[in-house]
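Read off the chains here:
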Amino acid sequence: MMAFTPAALIFSVLTVTAYVIANFIYLRFRKTPLNPVITATVALVAILVLFDIPYATYMEGGDWVAAFLGPAVVALAVPLYKHRELLQKNLVPIAAGIFAGVIAGLVSGTLFTRWLGFTEELILTVLPKSLTTPVAMQVASTIGGIPSLAAVFVMVAGFTGILLGPYLLHLLNIDSPIGRGIGLGASAHGLGTAKAFEYGPEDASMSSVAMTLSAVLGALLSPLAAWLLL
Amino acid sequence: MKIVRIVLQLLVLYGFLLIGEAIQALLQLPMPGSIIGFLLLFSALLLKIYPLEWIDAGATFLLSFLSLYFIPATVGVVDYGPLFSGKGVLLLPIVVISTLITMGAAGFASQHIANRSAAQKEES
Numbered sequence: 001m002m003a004f005t006p007a008a009l010i011f012s013v014l015t016v017t018a019y020v021i022a023n024f025i026y027l028r029f030r031k032t033p034l035n036p037v038i039t040a041t042v043a044l045v046a047i048l049v050l051f052d053i054p055y056a057t058y059m060e061g062g063d064w065v066a067a068f069l070g071p072a073v074v075a076l077a078v079p080l081y082k083h084r085e086l087l088q089k090n091l092v093p094i095a096a097g098i099f100a101g102v103i104a105g106l107v108s109g110t111l112f113t114r115w116l117g118f119t120e121e122l123i124l125t126v127l128p129k130s131l132t133t134p135v136a137m138q139v140a141s142t143i144g145g146i147p148s149l150a151a152v153f154v155m156v157a158g159f160t161g162i163l164l165g166p167y168l169l170h171l172l173n174i175d176s177p178i179g180r181g182i183g184l185g186a187s188a189h190g191l192g193t194a195k196a197f198e199y200g201p202e203d204a205s206m207s208s209v210a211m212t213l214s215a216v217l218g219a220l221l222s223p224l225a226a227w228l229l230l
Numbered sequence: 231m232k233i234v235r236i237v238l239q240l241l242v243l244y245g246f247l248l249i250g251e252a253i254q255a256l257l258q259l260p261m262p263g264s265i266i267g268f269l270l271l272f273s274a275l276l277l278k279i280y281p282l283e284w285i286d287a288g289a290t291f292l293l294s295f296l297s298l299y300f301i302p303a304t305v306g307v308v309d310y311g312p313l314f315s316g317k318g319v320l321l322l323p324i325v326v327i328s329t330l331i332t333m334g335a336a337g338f339a340s341q342h343i344a345n346r347s348a349a350q351k352e353e354s
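Protein sequences, first through last, are from chains E and L.
Sequential numbering of the first sequence, starting at 1, is according to the working numbering.
Sequential numbering of the second sequence, starting at 231, is according to the working numbering.
Hints are computed from structural coordinates only; laboratory data are not their basis.
Check each hint, because a few of them may be wrong.
As the list claims (entries may be wrong) - Covered stretches of chain L, going by a simulated chain E footprint (3 or more residues, C-beta under 8 Å):
hint, region
1, 235-247
2, 289-296
3, 311-321
4, 343-352
Unchecked claim - Short derived list, chain L residues pointing at chain E, Cβ under 7 Å:
hint, residue
5, P260
6, S264
7, I265
8, G267
9, F268
10, Y299
11, P302
12, A303
13, V305
14, G306
15, V307
16, S328
17, L330
18, T332
19, A335
20, A336
Note that beta-carbon positions come from the ideal geometry of N, C-alpha and C, so glycine has one too.
Using the sequences provided together with the hints, build the complete structure.
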């Protein structure tokens with residue numbers, strides 16, 4: 001699957017370069033819409049469209065970069081392990097929040113898309129949107145959705161968490177580090193966790209734990225939800 | 231020597247991934263092999279079968295560029311432009327609303343139960 005072609009070299013280097021520049025821009029201005037994933041994606045899409053390069057050709061290089069996704073998902077075990085004391089001390093509320101969030105997300109996403117008459121493929125693509133991108137993409141491809149579109153919906157979910165999350169949390173009187181952290185991490189994954197940092201370190205730890213546990217539970221329950229609700 | 235340690239630990243992570251994928255294929259499980267690899271590594275750390283020091287540097291290094299690895303996939307939207315010019319644009323408000331429901335449910339449940347168990351502790 002992974003080829004040693006000139007295209008592979010050009011497009012893997014191009015992807016890394018776009019990412020480095022995008023990160024530099026983000027660190028310089030620190031504005032949410034300048035999220036490096038968004039700016040790097042827009043730049044790369046513009047290059048593909050401008051030079052009329054098919055996505056399949058780009059992916060000869062893209063595959064080399066994407067190959068790190070699998071090991072990165074495995075690596076998420078390390079930050080979770082480092083938070084094990086926090087997890088042990090708050091096991092019941094954390095578990096309750098994760099279960100409630102994952103089930104609410106799977107059920108509402110599936111039902112809304114079904115009610116509006118979308119195809120099964122698109123329903124299965126929306127399904128894993130609350131999971132962290134690498135897991136969401138792998139879940140989408142496992143259950144029959146479209147991984148690259150799933151990644152887009154994950155981004156939309158993340159930005160919803162960052163931009164509207166604080167208002168919702170305030171409205172629902174969710175004002176403790178555990179409530180805010182679990183809410184943000186379970187719904188808006190890594191982007192939500194970045195937002196949780198602004199509330200404080202305890203919110204951020206909770207959010208990081210919630211992100212990882214939601215990804216695992218979501219990966220386990222997504223096939224079941226697809227089977228039950230479709 | 232730090233770079234050698236990081237490279238070796240990245241290979242260990244890749245090994246966990248391969249084992250996870252093998253188990254997934256063998257048992258025909260409907261979940262990604264990477265999640266199985268994650269569960270194996272987390273269990274190995276918890277049970278002290280595998281020490282944190284032997285994986286920490288590699289995992290931290292790999293995760294510090296996490297968003298890079300999914301850029302090739304997000305670039306894939308280039309093939310789905312027409313979807314969002316039609317009915318597909320409705321998928322965006324669906325995702326927004328469903329995300330808010332998810333956040334509300336998760337945040338409310340965890341805070342409510344945390345407060346209740348704190349109140350119980352005070353009573354006893």
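Evaluation of the provided hints:
{"no.": "1", "hint": "235-247", "result": "holds (count 5)"}
{"no.": "2", "hint": "289-296", "result": "holds (count 6)"}
{"no.": "3", "hint": "311-321", "result": "holds (count 5)"}
{"no.": "4", "hint": "343-352", "result": "holds (count 4)"}
{"no.": "5", "hint": "P260", "result": "holds (4 Å)"}
{"no.": "6", "hint": "S264", "result": "holds (4 Å)"}
{"no.": "7", "hint": "I265", "result": "holds (5 Å)"}
{"no.": "8", "hint": "G267", "result": "holds (4 Å)"}
{"no.": "9", "hint": "F268", "result": "holds (5 Å)"}
{"no.": "10", "hint": "Y299", "result": "holds (4 Å)"}
{"no.": "11", "hint": "P302", "result": "holds (3 Å)"}
{"no.": "12", "hint": "A303", "result": "holds (5 Å)"}
{"no.": "13", "hint": "V305", "result": "holds (5 Å)"}
{"no.": "14", "hint": "G306", "result": "holds (3 Å)"}
{"no.": "15", "hint": "V307", "result": "holds (5 Å)"}
{"no.": "16", "hint": "S328", "result": "holds (4 Å)"}
{"no.": "17", "hint": "L330", "result": "holds (5 Å)"}
{"no.": "18", "hint": "T332", "result": "holds (4 Å)"}
{"no.": "19", "hint": "A335", "result": "holds (4 Å)"}
{"no.": "20", "hint": "A336", "result": "holds (3 Å)"}
Violated hints for the displayed structure: none, as all numbered hints are satisfied.
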